[in-house]
Amino acid sequence: MPHVLTPSQALAGTVDALLLLVQLALLRSVVVSELISLYAVQATLVALICLAIGISLHAADLIVLAVLTLLTKAIALPAYMRALLTRVPSRVELPARINVTLSILIAAGLIGLAMLTAARLPIRGGAFLPSADLATTLSIVFVGFLVAILRPNALAQVVAFLTLDDGLFFGTVTLAPGLPFVVGVLLLIDVLVAVFVFSVLVRILVEQRASASIAPLEQLRG
Amino acid sequence: MSHLQAWIIAIPGALAVLSLLLPSRIGRPLTAVGGLATGILIVVLALATAKGQSGLDALSALFLLPVGIVYGTVGLYTSWYVEVQGVKEAPSARYRRRFLALTNAFACAEALVPVLTNMAGLWVAVEATTVIAALLVRLEGTDAALEAAWKYILIASCGLAIGLVGVLLLYASATTVLGFHHVPEWQAYLAAAKRLDPDAVRLAFVFALIGFGTKMGLAPMHTWLPDAHGAGPTPTSAMLSGILLSDALYVILRFTAITTAAVGSHFVHTFFFIVGLLSLALAAFVLLQQRDLKRMLAYSSIEHMGVVASGLGFGAPLAVAGALLHAITHASAKSLAFQAAGRIAHRYDTREIAGIRGAMSALPYSGTLFALAGLALAGAPPFGPFRSELMVLAGGFSSPSWGLAFAVLGLLVIAFAGLLRWVTQMCGGERPASVAGGEDSPVAVTALVLGFLVVLGLGLIVPQPLAVLIERSAAIVGVAP
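Top line first, the protein sequences correspond to chains Z and B. Here the first sequence is numbered in the working numbering, starting from 1 and rising by one per residue. Here the second sequence is numbered in the working numbering, starting from 223 and rising by one per residue.
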């Protein structure tokens with residue numbers, strides 16, 4: 001008898017797939033504003049999952065965190081980063097170390113590795129589509145690393161880090177919803193890193209170098 | 223948390239706030255006294271733990287010691303540093319206040335790590351150290367500091383992201399045993415270890431070793447370390463190298479205990495060997511061709527973390543005890559070396575090794591203590607690191623992996639040669655005529671002398687309470703005494 005998905009499982013599966021598609025799309029974006037939009041979409045999806053889990057578990061802390069995530073990660077941080085962008089040349093081209101096709105192929109390999117790894121482990125999320133939660137988390141983290149490695153651009157690496165954190169956020173709420181303080185700290189770290197650390201560094205980069213490339217900041221050697 | 227533990231966290235925490243609000247002429251002595259007071263309280267707590275009279279286990283008490291040793295002297299040293307060292311021109315009042323506040327906040331976060339046994343809480347505390355340290359490194363305001371801060375925040379945060387995956391895997395694998403909404407306490411995981419899925423625990427350990435190993439400076443995840451240690455302010459370098467690396471080790475050891483209980487020790491030994499030998503090899507050869515004083519000390523930290531990891535990899539009781547002691551002896555010697563190096567770099571107005579000659583004649587105390595710290599870090603007797611390295615090697619030769627002990631010994635000899643070459647070159651001979659002679663800060667020299675007494679003392683004798691803590695800690699990480 002074929003296995004029939006419940007509506008919530010089907011919805012969660014769709015969201016899992018969307019999260020991965022957004023992560024893959026980061027690899028083909030050629031302008032920073034596109035990356036920021038993709039990050040905003042991903043943050044919205046993650047916040048919605050957190051909200052759904054919070055409602056299903058009657059966990060008020062998760063519901064509050066979901067709303068905060070939506071306001072900060074999906075709205076405020078992307079807006080702030082776009083404001084930063086206005087200070088650099090209007091269309092910052094993103095260099096890539098390898099071409100898009102090859103990077104997507106590597107990402108597909110990493111996602112395959114994540115799925116194979118997850119399939120071997122008896123780890124199940126309790127809330128939605130259990131078998132995909134760990135695989136999705138690992139996939140987002142792996143591909144986030146790939147984006148950071150392949151894009152030698154300060155702003156792109158900010159976004160890569162933030163999407164990587166989205167993966168961890170997703171993993172925490174789906175696999176360990178009993179750790180809401182970790183979710184809260186992830187949110188706080190994102191805000192701190194993006195606003196107080198990354199953005200300050202990027203701003204100085206922009207002011208001193210008139211671009212957001214990290215190439216001028218590769219003097220420390222040996 | 224006992225009253226004593228609460229004070230150890232509260233003092234630097236309160237000083238962070240006060241230093242930001244008060245003028246630096248008040249913040250400086252407060253930081254100096256607060257550092258010393260915290261150091262004394264940590265020693266009192268360690269003594270109580272050795273007698274079984276505190277709520278802390280031995281591993282926590284042991285890894286609080288680097289906080290006490292380093293913060294105790296750095297607090298004093300900072301009161302000199304913040305007056306003379308700043309962004310480009312003379313340090314502004316704002317710079318001084320921010321520097322003191324961040325230094326105390328950094329100490330607070332670093333002291334928090336060893337008192338925690340909640341695995342998720344540990345990740346949170348280590349993440350807090352990353353943010354504060356990045357702000358401190360950036361405070362120098364130079365291009366090199368900016369680059370170092372950028373690399374540090376990116377690499378350390380990504381590393382910790384991997385570490386969090388390890389925590390999540392452990393949590394998720396324990397849900398079948400401890401329930402879906404359990405508190406991720408280390409003791410609970412240890413008790414349930416045999417019932418956890420072995421593959422999940424193995425994977426969690428690997429993620430934790432890579433993630434927190436990044437913070438510990440283990441190769442090949444070490445790339446942030448030479449930059450941050452080299453370009454950051456000297457007191458920050460001392461705290462990064464002396465405390466933060468041992469904090470990261472502490473988290474890894476908590477994972478090690480669970481993994482050893484769940485799947486046996488062979489698995490963790492293999493991984494410790496890989497990262498240990500890689501770190502030793504990389505650092506030993508880079509030390510031979512180093513040109514920057516502080517980066518030389520940074521690579522020495524990677525070398526010493528390699529010694530610790532190798533000692534844990536040998537698994538023999540003596541080697542593991544040596545590795546645990548090495549975390550303490552390295553912290554004390556490296557903190558002393560960085561502080562003395564800061565004095566030398568300030569006097570010569572350069573960090574280039576080639577530009578420094580006759581440091582002992584220019585700074586009779588600081589230069590001499592730097593030379594002694596260099597000898598200690600190279601592994602020469604009668605200092606603390608010599609004793610702990612000897613224990614690691616002796617344990618290694620008595621273990622089934624004795625062949626690898628030869629590799630460790632060979633790499634240590636190379637590192638010894640590299641470090642000694644540069645230290646003798648900088649400290650020996652006469653100072654250039656353009657460099658003034660004589661010490662100018664009794665406070666800074668006092669900090670160095672206090673640090674040296676610890677380095678020497680740990681080489682001459684391991685106090686009984688410390689031996690007890692090491693023995694119990696070795697038992698905690700899965701090695702029978």
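In short, the hints are calculated from the structure, not lab data. All values reported here derive from a predicted model rather than from experimental measurement. C-beta atoms are modelled at their ideal positions from N, C-alpha and C, and glycine is treated no differently. Please note: incorrect hints may appear among the correct ones.
Stated by the list, open to error - Interface residues of chain B toward chain Z, partial, derived using beta-carbon atoms under 8 Å: (1) Thr339; (2) Ala342; (3) Val353; (4) Leu376; (5) Leu390; (6) Tyr393; (7) Ala394; (8) Ser395; (9) Glu407; (10) Pro420; (11) Asp421.
Evaluated hints:
With a cut of 8 Å, the hint placing threonine 339/B at the interface with chain Z is violated, because the nearest CB-to-CB distance is about 15 Å. Look at alanine 342/B: its Cβ gets to within about 5 Å of chain Z, closer than 8 Å, so that hint holds up. With its C-beta approaching chain Z no nearer than about 5 Å, valine 353/B sits inside the 8 Å limit, and its interface hint holds. Residue-level restraint check for leucine 376/B holds (minimum Cβ-Cβ distance to chain Z is 6 Å; threshold 8 Å).
For leucine 390/B, the shortest C-beta to C-beta distance to chain Z is roughly 5 Å, which falls under 8 Å, so the interface hint holds. Checking tyrosine 393/B against chain Z: minimum C-beta separation of about 4 Å stays under 8 Å; hint holds. A distance limit of 8 Å between C-beta atoms decides the matter here; for alanine 394/B the minimum to chain Z is near 4 Å, and the interface restraint holds. With a least beta-carbon distance of about 6 Å to chain Z, the hint placing serine 395/B at the interface is held under the 8 Å criterion.
Proximity of glutamate 407/B to chain Z is violated relative to the hint, the smallest CB-CB distance being about 12 Å (cut-off 8 Å). Hint status for proline 420/B relative to chain Z: violated, with the closest Cβ pair at about 10 Å, above 8 Å. With a cut of 8 Å, the hint placing aspartate 421/B at the interface with chain Z holds, because the nearest CB-to-CB distance is about 6 Å.
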